[in-house]
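For reference, the chains in residue letters:
Number of protein chains: 2
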Amino acid sequence: MAVGNVPFPELPPVEGVRLGTAMAGIKKPDRRDTVVIELPDTATVAGVFTQNAFCAAPVAVAKAHMERCLSENLVPRYWLINTGNANAGTGEAGMRDALASCAALASHMGVAESQVLPFSTGVIGEPLPMERLLAGLPKAVSSLADSSQAWQHAGEGILTTDTRAKGATVTVAIGDQQVTINGITKGSGMIKPNMATMLGFVVTDAAVEQSLLETLLRETVDRSFNCITVDSDTSTNDACMLAATGSGARIESAEQVAVFRNALQRVMTELAQAIIRDGEGATKFITLQVNDAATRQEALGVAFTVAHSPLVKTALYASDANWGRILAAVGRAPVEAFDVNRVVIDLGDVRLVENGGRAASYTEAAGSAVMAQEEITIRINLGRGEESATVWTSDLSHEYVTINADYRS
Amino acid sequence: MAVGNVPFPELPPVEGVRLGTAMAGIKKPDRRDTVVIELPDTATVAGVFTQNAFCAAPVAVAKAHMERCLSENLVPRYWLINTGNANAGTGEAGMRDALASCAALASHMGVAESQVLPFSTGVIGEPLPMERLLAGLPKAVSSLADSSQAWQHAGEGILTTDTRAKGATVTVAIGDQQVTINGITKGSGMIKPNMATMLGFVVTDAAVEQSLLETLLRETVDRSFNCITVDSDTSTNDACMLAATGSGARIESAEQVAVFRNALQRVMTELAQAIIRDGEGATKFITLQVNDAATRQEALGVAFTVAHSPLVKTALYASDANWGRILAAVGRAPVEAFDVNRVVIDLGDVRLVENGGRAASYTEAAGSAVMAQEEITIRINLGRGEESATVWTSDLSHEYVTINADYRS
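Protein chains in written order, with UniProt numbering: chain A, 1 to 409; chain B, 1 to 409.
Calculated directly from the structure, the hints in this document are not laboratory data.
Nothing here was measured: the structure is a model prediction, and the numbers come from that model.
C-beta: ideal position from N, C-alpha, C; glycine also.
There may be inaccurate statements among the hints.
What the hints assert, rightly or not - Computed list of chain B residues with no C-beta within reach of chain A, every gap over 10 Å: (1) LYS63; (2) ALA100; (3) VAL123; (4) THR169; (5) ALA173; (6) ASP233; (7) GLY248; (8) ARG332; (9) VAL340; (10) ARG358; (11) GLU386; (12) THR390; (13) VAL401; (14) THR402.
What the hints assert, rightly or not - Derived coverage of chain A by chain B (criterion: at least 3 residues anywhere in the stretch with Cβ under 8 Å from a Cβ of chain B; other residues may be distant): (15) 155-161; (16) 222-234; (17) 379-385; (18) 395-406.
Work out the full structure: start from the sequences and follow the hints.
Shown next, in the form of structure tokens:
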């Protein structure tokens, strides 16, 4: 199940960036499951990773290799991604496997081991099938290309329970030059990113200095991947990477940064929303907008409390305007000295709650008409300050239970 | 659905306590939906109520009436409970209705209005059908009795989506006297009590001074109703009441208090667990035991994070030993400077996780054998200190979605 029909967009080439994909049979035969992304040696690279204390071996290795490259002035030129196995909860053996897969690709391409960053996604706790993965590498390398088909195959090659590949592209003028930003992402369940989503890979041809690139990645992820939730479960493997190849316009002045940040935010938000639209069992795409909070943290607290409520999510699935469940979820959110008489809740353009109870103007017919829609916005005004937050989520359906009760079988 | 087959126990009379039930047709015809519990004027009474900021009108009135009784040396002698309507999110009109229902019963019984405490449970945001409720009162009053049948009918008269009535009784010797503690409770969904469960009513014939009674209620609820969760949603109407009628043994000395607290804890825990066994769509009863935490708060944080994880709950439903999901949930729990290499996780008597990954001794067959059971204990040892917590929860099934996607229709 998924919300709407969103085809994979046509991603234009980004100079110096090539993508290769193979069917290595990591978990199942005849599906793209191994992806190599190549960057030019002019690139700057930034990454954000899961905050889950049980972070997977490839996350630990990717972080260590990033640091090593920075200290030795090397570019992490290869991103090696496999699906079908998360290499998480695999202890020492998992670390050895992640390092060995980097070493294999590095020797193939003639770069240092630390220039390869590994990413894995799939089932947790099974050993990575190294033989198959290593056998697939030459095939992935031989297919390296910069075509839009190569981007689409890479988008497909990182999926797990996703029902479709997810990509986004924006082209924007910086001075008299065009800058392109391409991204692909995957994720459908175990989605409550805390730093980044399951996996996101974004590349631009702009030239962006390292520390600025890191800042831009953090800022835009904070308002995209860090604002989505399917099921409140933060993955062990979350990672979002951003590379700037440097062949295009240089991003330096405040104005250039503003235009570029805006374009990058569009790509990040589109990718993050694509994950929700393809959330496990999703039949609805829900936007939760919390306004007039005392702090952004408070606004996020209210938005996520509502977004995680199984009772709100099942009511959304049923298209039932059971607004009492929204009210009950808001009422248990982490807000100090909460005066609920100031709270105003709107469902689409229908006022649900004011003065501590159901709005006088509310009718069941009006509420039901909004709930019947596939895309629904819930606005919660706290009346406490001027901060706000927007969070995107999906509903909780029979299909969600089916997918997660059957995933390993 | 529900876990196991738990008949309503035979509750013995508690001197001076009578219960009456009526079919008032609050929401549906031909079901017990209005209950009156009468206490003698020798009783002490304590209560704990929901922390949800949107607390329901009857909760606000019950708290105000309790305070008034305390300051005027009156006993809150009548508990008036209706199911089928929560009288929550109903604003000023809801307050008027709650007060009017107290006034009606008070004038019927010849007591002050503040001596009646109202409790409501059911759908949120609909006006309380006062005409039907008031018409039902005389019938409930005329059926007041202390028989075990009266207890069972009262247990039935407070249910909503519950599949069965829930009661518990313990008799214990205090010196040369027998003390009886009887309790009934209801709750199945919107269960993540924060002070008390949806509704719990416990009565003893012991004589317990007011402030001691309040302390005992808080302490025992903290380790029973406050340690259960079905779906992480805290209700607007939670309340747990405890009355000591004073006709039996006096509880004063440290030893008497210890024996009585122990017996009371047994009743509270049995009632709280009964809610989980009858959790919406429950097919499994799960005990989460977190040991060797730095603080009890930390232990509760880990236990509830795992208990709320939809991915853990669907794996339990599927009897799938997908222990990676437990590990991932533990890893995202609110624990400062978390060294996961010290974490040990056992599923029943099977070791799942140690040294940051899957235990060397683990086999899928052993894990699956435990997961196939109807009652499962997950032990998580954090290796950080000496505090612990136990939390009880149910699984997440297709039936849960069905119940909550259909509840209002």
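Do the hints match the structure? See the list:
Every beta carbon of chain A lies more than 10 Å from that of B:LYS63, the smallest distance being close to 16 Å; the non-interface claim holds. B:ALA100, annotated as away from the interface, keeps every beta carbon of chain A farther than 10 Å; the closest lies near 17 Å. At roughly 7 Å, the least C-beta separation between B:VAL123 and chain A is not larger than 10 Å, which violates its mark as non-interface. The beta carbon of B:THR169 is kept farther than 10 Å from every beta carbon of chain A, the shortest such distance being approximately 32 Å.
Here B:ALA173 stays apart from chain A, with its beta-carbon at least about 41 Å from theirs, past the 10 Å limit. Not every CB of chain A lies more than 10 Å from the CB of B:ASP233, the least distance being 5 Å, so the non-interface label is violated. No beta-carbon of chain A is positioned within 10 Å of the beta-carbon of B:GLY248; the least distance is around 38 Å. For B:ARG332, the requirement that its beta carbon stay farther than 10 Å from each beta carbon of chain A is not met, with the minimum near 4 Å.
At the 10 Å boundary, the C-beta of B:VAL340 falls inside the reach of chain A, the nearest C-beta of that chain being 5 Å off. In this structure B:ARG358 is not separated from chain A by more than 10 Å, as the shortest Cβ-Cβ distance comes to only about 5 Å. Here B:GLU386 stays apart from chain A, with its beta-carbon at least about 21 Å from theirs, past the 10 Å limit. Annotated as non-interface, B:THR390 keeps its C-beta farther than 10 Å from every C-beta of chain A; the closest such distance is 22 Å.
A beta-carbon of chain A comes within 10 Å of the beta-carbon of B:VAL401; the shortest separation is about 5 Å. Its closest Cβ contact with chain A, about 7 Å, brings B:THR402 to no more than 10 Å, contrary to its assignment away from the interface. Counting residues of the segment 155-161 of chain A whose CB falls under 8 Å from any CB of chain B gives 0; the rule of at least 3 is not met. Only residues whose C-beta sits within less than 8 Å of a C-beta in chain B count toward coverage, and the segment 222-234 of chain A has 4 of them, enough to reach three; the restraint holds.
Interface restraint, the segment 379-385 of chain A with chain B: violated (0 residues with C-beta to C-beta distance below 8 Å; minimum three). For the segment 395-406 of chain A, the assignment as covered by chain B holds, since 9 residues bring a beta-carbon within under 8 Å of that chain's beta-carbons and 3 suffice.
The earlier numbered hints that this structure contradicts are 3, 6, 8, 9, 10, 13, 14, 15, 17.
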